[in-house]
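Single-letter residue listing:
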Amino acid sequence: MQGLRVILRYPSGTAGLIVVGVFAVLAVVGPLIAPHGPFEVVYRADHSVLRLAQPTGQAWFGTTNQGMDVFSQLLWGTRVALIVGLLSAIGSVILGTVVGLVAGYFGGWIDEVLMRLTDVAFGIPFLPFAMVVISITRPSLGLVILLVVFFLWRTTARVIRAQVLSLRARPFIWAARAAGAGDLRILVRHITPNVLPLSFLYAAIGVQAGVMLEAALSFLGYGDPNAMSWGTMLNAAFQAGAMRTAWWWVLPPGIALSLFVIAIFMIARAYEELLNPRLRVI
Amino acid sequence: MAAVLRRVLLLALTVWCILSIMFVLFKLLPGDPATIFVDNNMPMEMIEHQRQLWGLNDPWWVQYLRYIVNMALFRFGDSFFQNQTVADILAEKVANTCAMIVPALLVSVVFGTILGALAGWKRGSRFEQATVTTSLLLHSAPSFFMGILVLMVFSYQLRWLPPGGMVSLGGPEGFWAMIASRDYLKHLILPGLVLVSREITGPILLVRSSMLEVKGSDFIDILRAKGLTERRILVHATRNALLPLVTYIAVMTGLLLQGQVLLEIIFAWPGIGRELVTALGDLDYPVAQAALYVMALVILLLNLLADVLYGLIDPRSR
Amino acid sequence: MALLEIEDLQVRYRTGAGEARAVDGVSCAIETGMCLGLVGESGCGKSTVAKAVLGILPPAGRVAGGAIRYEGRDLVGMTPRELRRIRWQHIALVPQSAMNGLDPVYTVERQLAEAITAHRSMPAAQRRHRIAELFALVGLEAGRVRDYPHQFSGGMRQRAMIAMAMVLDPPLIVADEPTTGLDVLMQDQILQQIRLLHERLGKAMLLITHDMAVVAENCDRIAVMYAGRIMEYGGEAVFRTPYHPYTLGLCNAFPDMADRGRALISIPGTPPDLVSPPDGCRFHARCPFATALCATMEPPLVEVAAGHVVACHYIEQADGFRARAADPATWQERVPS
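Residue numbers (our numbering), protein chains in the order written: chain A, -16 to 265; chain B, 5 to 322; chain C, 449 to 785.
Chain A extracted, bound-state conformation:
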C-alpha cells in the first residue's frame, strides 16, 4: 500500500497505473462488450464478407483480410496479454526468489550449483530456444507462459541472491541467530520480508517482459493459434502485407502493446526509485 502511494507521487507512475487499470478493466469486460468473437467473420448486409474495411460505424477499427473485426480482436487480445503477463510474472518471481533465497542463504555447494544453473539459463537465447521447443510440441498459451517463466527467473534469482548475501552479513541476522533462531526461521521471518520489495519490482518487470515475449513469439507465428493476442494480430497483419494496405489493422495491436508495456515499465521504474533513491532524476 505504501508502495502504491509512492508510485502515485510520480506523474509517470500515476499515468502508468491509470493505463494499466484501463487495460485490466478491458481484459475483464472486453470480451463481453466486444461486438464479435476473435475469429468471427463479419458479413455485410448482402452476406458478402466485409474484407479489409476501413474503420466505419459497423467496424470501429476496420476489418482484416479475412473479414474479422479488429476492435473485437483487440479486446480479446487484452485479456490474453493480462493472463500471460500476470502468470509469467508470478511464476518467474516465485521461482527466482526461491532460488535466490536458497542460494544466497545456504551458500556453499548449493549456491554453486544454483548459480551455475542460472549461468546456463543466461546462455540460452530465449526466442530461438522457445521456437525450437514450441516446434516439438503443439503451441499453446500454457507452454508460452512456461517458457517465459524459464526465461525470466534467472535475473530475479541473481538479484535476490545478491540481496540475501548482503542481508546475511547484517548484525540483525547475527542477533537472530544468537537468540537461537534456526535457519528456516531466519530465512522466513528475517530475510524474506527484506527481499520481498525487490521481488515485487521483478514481478512488475516480469509482467512487461511476459507480454512482450508472448507478442514476439506470436508475431513469429509460434503463438497459441486458438488465442487471439496482440502478437497474433500483428503476425496476421504482417503476413498479409497490411503495412502497405491496411494501417487500421497494424496500428491498434501495436499501439496497445506499446502502451501497456511502457505503462508497466513506468510503474516499475517509480517503484524502483523508491527502493533505490539514487536513480531519481531530480
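Worth double-checking, as some hints may not be accurate.
[Unchecked claim] To give a feel for the contact side, a few chain B residues facing chain C, derived at Cβ under 10 angstroms:
#1 S221
#2 L246
#3 V250
[What the hints assert, rightly or not] Now the stretches of chain B that chain C is said to cover, found in silico as 3 or more residues with beta-carbon under 8 angstroms:
#4 119 to 125
#5 238 to 244
Read the hints as simulated data drawn from the structure, not as lab findings.
Using N, Cα and C, we set each Cβ at its ideal position, and we do this for glycine too.
With the hints as your guide, set chains B and C onto chain A.
Chains B and C alone, transformed into the frame defined by chain A:
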C-alpha cells in the same frame, strides 16, 4: 589468471549443459532425417540404409557423444535441403547479421556514452530530463513494432527507403562488395535506426547514473582545485563512469542477439535469426541446431569477455 | 598586504529546510610563510571556508558575500579562467585523509604529472624528476610512482597528496583535517610532513583541524570558529590565555602536553542549527557562564590584546572562567531551563 581459467572451465560446463539440452530437444522434434527423406513407398531396406547412414541405429549414448564432439568441433554436417555445408551457410548469415549489429552497436555505445555522461554531468537540467525521459520510453517500447512502424512510414508511405533485404536484387555480389556499397547503407538505415533507438538507451541510462555517483566523489573536487579545465575533469569522470559500461555492452549484445530474430524477419535481413526461422519451418534441423548453438555460444563468450575486460580496465580488480 | 585575506565571508547552503549559513561573516588573514590554524568542532563551517577559498563548494553552496583576496585580488568574482591560473600554482590543497582525493583509475604518477601539465609545459623527463624528488621528500618509495591509489595504504595516499600539493611549489597550502581517519602513529608522521612544508620550505598554510593540540604545535595564528562565526582569533595567546568559554572548552577536550594528569572534559550539547541560528551569542546554549544578556545580544569581536580578538560579553571575567573551566563540574550538562 586462475580466475580466468576458472571462468573458462565454467564456460565449457555451461556449453556442455546447453548442448545436452539441445540434444534432447532435437531428438524430440517431429521427424528425423530418415523419415524426412524417406517416402512411404520406399522399401524397408532403403529406410534401414538411411537410418544406418545417419547413425540412428546406434545406442543413444553413442549418438550423444558423437553429437557433443561434432558440435564442440564445429562439425555441423550438411544442410538437408540446401546444397551446402551448415558451416558455410552459417558463416555467411553470421556475417550478414554482423553487418546490421556492429554499426548499430558502435553508434549506440559511442553516442549513448556521450549523451549519458553529459546528462549526468548536467544533473537537473532540462537536457537531462529530456534525455532520460526519451530513453525510458524507447527502452521500454517493443522494438519490433517500431520496426513495423518505420517500415510503414518510410518505405510504404513516403517511399524513401527500401522495405527490406540487405541489398537490392541484382546488387553487388560478395560480402565486402556489399558492405562497401551505398545500396547496403540505404538498406541499413531503417533496421539500424530501430536497433540504435533501443540499444542507445542502455549506455545513456547506465553512464548517467554512474556519472552521478562519480560526480559526488572527492577526487573530482581535487581535480577542480588542481586547476584542470572542466573538459579534463569531465574526461576523468567519464573514464570512471565507463567501468560498468564494459560489462553492460557484452550483456546488451547478448540480449540484442535474441531480439535479432524479430528484426531480421521484419526487414527481411538474411541473417542468422532469419535463417533459424526458415530452417525450423523447413525442418532443416542441422541448420537450426547449429544456428541455436552459435547464438548461445556467442552470448556466453560475450559474458566471459565482459568479465575479463572489466578486470583489465578497473585497476582495483587487478 | 597579506597573502590571503578573508573578509566578512558568507557561505550559504541550500537545504531542504531553507538556507543554512555555514559561514557567517568570517574574517582572517594569512601572511606569507605563516600558518593559520582554523579550529572548531565538526560542522562549525571550517571546512567550508577551505572549500570557498579553493572554489570547490558543492553545487548547493555559494559564496553569498564578502571577499577572499589572494595577493589583493578577489577570488570570489574571478572568471573560471583566471581562477584556474591561481589554483594549485598558488593555492594547493591537502584534503581530509578520509577523502578519496585520488582518481582510482589513474596511476599516482599520472595524477601528479597532470597537475604540472595543466599549468606549465615541462619536458616529460623533468616532470618525472620532479615527481621522484617529491616522493623522496614525503618519504614514499620512488619505485611506487606507477602504482594505483588502491595499492597505497591510507598514510601513503596522504603522503602522495602532500607530494601532489607541492608539485607546483605553491606559496599557500590549505590542509583540511589532514590526519582524520589515520591511526595515531600515522597522524604523527603526516603532521611532521606538514610541519616540514611550513617550517623548512616556508609555505604559508591554512591548517584546518578540530584538535587544539595540533594547532598549538603548528600554528602562528589561530582562529576559533563556532557555528559559522569566529569566536576568538589571535596568536599563541589564544590557547595560552584563552578568553572565550568555547576556546576554553576546546582546550579542555584535548590532552595537554605539559599537564598529562589533567582530565579531558568535553563540551556538552551540539552545535546549533545553521538554518535559523540562535539569537545572541551562538554559543550561549552550551556555555556554562552564559547570562540572559548572552541569549539576546550578540557580542562583537573585541580586542583584548594586540592582535587578539574575542567575541564574548565577559572578557573581564576571563580569569575566573579559566579557573572554573578546569573543573569538570562546570561542564556538567545543565538542566534545560
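(message) Using C-beta distances, would you say chain C covers the region 238 to 244 of chain B, given that this needs three or more residues below 8 angstroms?
(response) holds (count 3)
(message) Does B:L246 hold up as a contact with chain C if the rule is Cβ-Cβ below 10 angstroms?
(response) Interface hint status for B:L246: holds (9 angstroms vs cutoff 10 angstroms).
(message) Does the closest beta carbon of chain C sit nearer than 10 angstroms to the beta carbon of B:V250?
(response) violated, 12 angstroms
(request) Against chain C, run the beta carbon of B:S221 and see if the smallest gap drops under 10 angstroms. (result) The hint holds - B:S221 has a Cβ within 10 angstroms of chain C, the shortest such distance being about 6 angstroms.
(message) Is the coverage entry for the region 119 to 125 of chain B by chain C consistent with the three-residue Cβ rule at 8 angstroms?
(response) violated (count 0)
When the structure is compared with the earlier hints, violations turn up for hints 3, 4 and for no others.
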